[in-house]
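> Put together the whole structure using the sequences plus the hints.
Just so you know, the sequences run in chain order A and B. Per full-length UniProt numbering, the first sequence starts with residue 1, numbered consecutively. Per full-length UniProt numbering, the second sequence starts with residue 1, numbered consecutively.
No lab work stands behind these hints, which were simulated from the structure alone. Each statement offered as a hint is correct.
Sample of chain B residues at the chain A side, in silico, Cβ under 10 Å:
#1 Ser51
#2 Ser52
#3 Arg69
#4 Met172
#5 Thr179
#6 Ala180
#7 Ala197
#8 Leu198
#9 Trp219
#10 Glu225
#11 Ile226
#12 Thr230
From the structure, some residues in chain A lie toward chain B, with a derived Cβ separation under 8 Å:
#13 Thr179
#14 Glu225
#15 Val228
C-beta: ideal position from N, C-alpha, C; glycine also.
Number of protein chains: 2
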Amino acid sequence: MNKPQYLRIKDELGSQILAGGLTRLPSERQLCELFATTRVTIREALVQLESSGLIYRADRRGWFVTPPRLRLNPRHTSNFHQIVREQGGVPRTELIEKRAIPVPPGLRERLGLRPLDTVYLLRRLRFADGRAVCYCENHCLPTRVPGLLELDLAGSLTEIYREHYGLDYARMRLTFHPTALPDEVARLLGATAGLPALRLERLNFDQHGQVLDVDLEYWRHDSLEIEVDTAE
Amino acid sequence: MNKPQYLRIKDELGSQILAGGLTRLPSERQLCELFATTRVTIREALVQLESSGLIYRADRRGWFVTPPRLRLNPRHTSNFHQIVREQGGVPRTELIEKRAIPVPPGLRERLGLRPLDTVYLLRRLRFADGRAVCYCENHCLPTRVPGLLELDLAGSLTEIYREHYGLDYARMRLTFHPTALPDEVARLLGATAGLPALRLERLNFDQHGQVLDVDLEYWRHDSLEIEVDTAE
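Written out as structure tokens, the structure reads:
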């Protein structure tokens, strides 16, 4: 058993974390002393633990133990705020940007639009207990939700749709795959660029079967677990 | 617009790939000449394209354009060989190892077993058109499939279950999340360790509602797209 030192430190920290009771790691300097080793070795162990999803880095504040994943069941239409609350957390949505843009060519067909038709773009961050877990872009149809950009959009879009427009998310078509966090998204999430992530596209339909919007989401790899039961 | 050179090369190669007609990239040496730059810069561009899923590296044979993702709909119970064939590809399964082991503690409860009960472990690689896309571990119950290890296991387990034991995969419970490829799995897939991947757990039930086995799978991030429609 000639395991490199960083792997031994990774294993040791990993089992300490799994045993519970830890929410935040000591500083890298303290870890160097604890394991009598160099910063480079400690860093390597920490990056491995980050890849495995056990810890994450919060900008300038050090390393923290990753909270339990949010469980998402795509068969149950429900919104982010509801999911986080049901799992005992505190949800928050932050609006980064809202504006009208020409429909991106890749979304045109799905939204039933012609070239250069306008869509409302919302760029938002989703937080669970203060931690940014998801970056989200909504592409909404001005004909369905006129005046949307004038509303307060730092909450649940589901609720805004219902209250202001009488529209319900009734059905969605999801497609997703794992990918690496693009630089810009990583920056917004305060995560390391290139970390694994889930890229999710959601085509939403209302109660009349008409298209409502297209969402594009990037989730941190350590923030969600998707569950599907084929017999539901 | 002061874009670093490796990003400009990445974009140029990316749009060449998306325009079609390319299945394999020139050698890194040829790319250096083509773009009049250094190996380091070319490498950086290639690694970015790999992260984005456009190209992949085949051991010692260079860089190739990634074939279209396999589309998986977890609502439709179907097996790997069937999925690949339906999408016009040639499937292959390679058995790496088969043996009886004491049930891993993490799987004990789901399989309804007691400590140190035996399970059959199959470790297999899944190929689509000669490319390793998935590493798979099956944990099967000796009481359900006695003598399994004596059979030829380099094919569809679904078919073996049906033909030899009269058992059908009738229902499954899937949970999955994105993650980084563990070193050992990356080695088996001939992929770069730490690349994004999908980690999928599947608890399978037979036509009588009884547990059949637990699968643990790692999929290359660029090899699948999961589709779910909430209204099916």
